[in-house]
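Chain by chain, the residues run as shown.
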Amino acid sequence: MSTVQFHPLLAAAGYQSTWFHTLREPFMRNAFLAGALVALAAGIIGYFVVIRSGEFSAHALGHIGFPGATGAVLIGLSPTLGLAVFCIGGAIIIGASGRHVDERATATGTILALATGTGILFSSLAAKSSNTVTNVLFGNLLAVSSDQLAMFLWFTVVLLLVVAVVARPLTFASVNPEVAEARGVPVRLLGLVFLVLMGLVITMAVQVVGTLLLFALVVTPPATALRLTARPLRVVTLAVIIGLVSVLGGLVLAVMFNLPPSFFIVACSSFVWIVVLAATRGTRSPH
Amino acid sequence: MTEPTHPNPAPPAVSARDVSIELGGRAIWSEGTFDLPAGGVYAIIGPNGSGKTTLLRALLGLVPVASGELSVLGTHPSRGDARIGYVPQHYARSIAHAVRCRDLVALSSAGTRWGLRGREQDTWSVEAALRSVGAGGFADRRLSQLSGGQQQRAAIAQAIVGDPELVLLDEPLANLDLRNQQEIIELLDELRVDRDVTIIVVTHDLNPLLPILTGAVYLLDGHAHYGAIGDVVESELLTHLYGTGVQVVRTAQGDLFTRSIRR
Chain A
872 MSTVQFHPLL
882 AAAGYQSTWF
892 HTLREPFMRN
902 AFLAGALVAL
912 AAGIIGYFVV
922 IRSGEFSAHA
932 LGHIGFPGAT
942 GAVLIGLSPT
952 LGLAVFCIGG
962 AIIIGASGRH
972 VDERATATGT
982 ILALATGTGI
992 LFSSLAAKSS
1002 NTVTNVLFGN
1012 LLAVSSDQLA
1022 MFLWFTVVLL
1032 LVVAVVARPL
1042 TFASVNPEVA
1052 EARGVPVRLL
1062 GLVFLVLMGL
1072 VITMAVQVVG
1082 TLLLFALVVT
1092 PPATALRLTA
1102 RPLRVVTLAV
1112 IIGLVSVLGG
1122 LVLAVMFNLP
1132 PSFFIVACSS
1142 FVWIVVLAAT
1152 RGTRSPH
Chain B
7 MTEPTHPNPA
17 PPAVSARDVS
27 IELGGRAIWS
37 EGTFDLPAGG
47 VYAIIGPNGS
57 GKTTLLRALL
67 GLVPVASGEL
77 SVLGTHPSRG
87 DARIGYVPQH
97 YARSIAHAVR
107 CRDLVALSSA
117 GTRWGLRGRE
127 QDTWSVEAAL
137 RSVGAGGFAD
147 RRLSQLSGGQ
157 QQRAAIAQAI
167 VGDPELVLLD
177 EPLANLDLRN
187 QQEIIELLDE
197 LRVDRDVTII
207 VVTHDLNPLL
217 PILTGAVYLL
227 DGHAHYGAIG
237 DVVESELLTH
247 LYGTGVQVVR
257 TAQGDLFTRS
267 IRR
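For the record, the sequence lines run as chains A and B. The first sequence runs contiguously to residue 1158 in the numbering used here. The second sequence runs contiguously to residue 269 in the numbering used here.
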């Protein structure tokens, strides 16, 4: 089609000469907006995930969403709805299951295995759900509909409003739980609020990078930011920036090479992590 | 140093009348009757599992009293009493890399308030607390970058930031070397004098604290007793308390210390 000559390696990698044109397609607008909202939401909740050592719960919630999505398809509902119900319901169950971390890890792990097994069962029962399975496991940012985008917007607004109210007591309860409890902070309730908010964010993030690659959006950016600074507001800001660069950069690269965005998003976020890890090794920055 | 420097017009910091404590239906200890006059430094001693931390949690209103009358600073113990500062034992280990000393202290001051709006006096009281414990120089470092002694200073700073009348510390000397133990003990004595606080320390080792102690609550055979310091430090009692031979030695300088005797 094009008369311009490209490096053979680029051509072999599937380089699309029309990528800049593709970026202006209407469906790309949804993808960019959805990606930006998820990066924002994931950066904010991610700070609390890492200071609460809640990485395992985040991982598990993504898996819990899987049977929700495939089950919804089975009974003729939207997979997004099923995903949201299971992620948020799962968050409530995990939050109510026990107060000790070890105890919760066992509960979480058991629910996780059960959820994944049920997801496989549902997808095999539903005749034409194979597309849903791929989308839930690996995400598909390019397929975000306007309805989904509207849901992303609402979830992000709820997250911002609730975090604005609970940010300080939740941070207190996360870093100094015994003292917070003694000072009258509702530590358990805040733990539950945190998990429900995480359920919202994971419902969004699963649609972007999928159940299996969640970590790269919800945990990697804040963990990377935390290596550079420990000031709460700066960690959140940096995590959001790293998330935005990964999601938007990954999206552009995906269009350039006509490959799944999930790969490039995860690759970008992991790349930033590796660079920061190498740069800060041995010199744990005081600020 | 062992006596409060002024008479006590205030009610006792802690007053217990025939108090018993249960956890999950199991009696931890009972017949606790004692007064801890305000302005002193008190130890809670007893063998492992005797309910020392449970007593602290009862004072904080986190564990209900099964029977009897317990009063803290003149009222029933209740969660959220801003007049009490608390230094728990296992201090923020898992998240130490994620939190700066200054933020730990600031959260202890403002972390009970909802919403985003800060208050100017918070910043001011955080600075004051950091200064009083000598943490100004490392306030911006992460807890994981601090030595054991510095971490304990940070923990004490977060306990005193609200200007409490009573500070409860759970094993503040554990895992510290001798020099750091001495520094923390001097700091506690300074706080008692400068800020006029009552200090209660859970400890398994009485020796390092002896120079500043007013008295001790000892948990023995399922009961809680109080003794002024001269009475507690007595060979027979300590031997009974720890189930191993303990000898009390007074040096020529008048210093008191205990040592275990191998048989």
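If you're looking for bench data, these hints aren't it; they were derived computationally from the structure. Since the model is a prediction, treat every value here as computed from it, not as a measurement. Idealized CB from N, CA, C, for every residue including glycine. Among the hints, a few may not be true.
As the list claims (entries may be wrong) - For the chain A half of the interface with chain B, some residues (derived, Cβ under 10 Å), not all of them:
1) 878
2) 879
3) 895
4) 896
5) 996
6) 997
7) 1035
8) 1037
9) 1046
10) 1047
11) 1056
12) 1059
13) 1060
14) 1106
15) 1108
16) 1120
What the hints assert, rightly or not - If you want the footprint, here are the derived chain A segments under chain B, 3+ residues with CB under 8 Å:
17) 1096-1105
18) 1132-1139
Said to hold, decoys possible - Computed footprint of chain A on chain B, listed as stretches where at least three residues anywhere in the stretch have a Cβ under 8 Å from a Cβ of chain A:
19) 101-111
20) 185-199
Hint by hint, here is what the structure shows:
1. 878: Interface hint status for residue 878 of chain A: violated (44 Å vs cutoff 10 Å).
2. 879: violated, 47 Å
3. 895: Hint violated; residue 895 of chain A Cβ to chain B Cβ min 38 Å, cut 10 Å.
4. 896: Interface hint status for residue 896 of chain A: violated (39 Å vs cutoff 10 Å).
5. 996: Since the shortest Cβ distance to chain B is 42 Å, the answer is violated.
6. 997: Since chain B brings no Cβ nearer than about 42 Å to residue 997 of chain A, farther than 10 Å, the hint is violated.
7. 1035: holds, 5 Å
8. 1037: At about 7 Å, which falls below the 10 Å cut-off, the nearest Cβ of chain B leaves the hint on residue 1037 of chain A intact, so it holds.
9. 1046: holds, 5 Å
10. 1047: Holds - the Cβ of residue 1047 of chain A comes within 10 Å of chain B, reaching about 6 Å at its closest.
11. 1056: Holds, because the Cβ-Cβ distance from residue 1056 of chain A to chain B comes to roughly 6 Å (cut-off 10 Å).
12. 1059: At about 12 Å, which exceeds the 10 Å cut-off, the nearest Cβ of chain B leaves the hint on residue 1059 of chain A violated.
13. 1060: Since the shortest Cβ distance to chain B is 12 Å, the answer is violated.
14. 1106: With a minimum Cβ separation of about 8 Å from chain B (threshold 10 Å), the hint on residue 1106 of chain A holds.
15. 1108: Where the cut-off is 10 Å and the nearest Cβ of chain B is about 15 Å from residue 1108 of chain A, the hint is violated.
16. 1120: Given a least distance of 27 Å, the restraint on residue 1120 of chain A is violated.
17. 1096-1105: Per the Cβ count (4), the hint holds.
18. 1132-1139: Contact hint for the stretch 1132-1139 of chain A vs chain B: violated, 0 residues under 8 Å.
19. 101-111: Coverage by chain A holds here, the residue count being 7 at a Cβ distance below 8 Å.
20. 185-199: violated (count 0)
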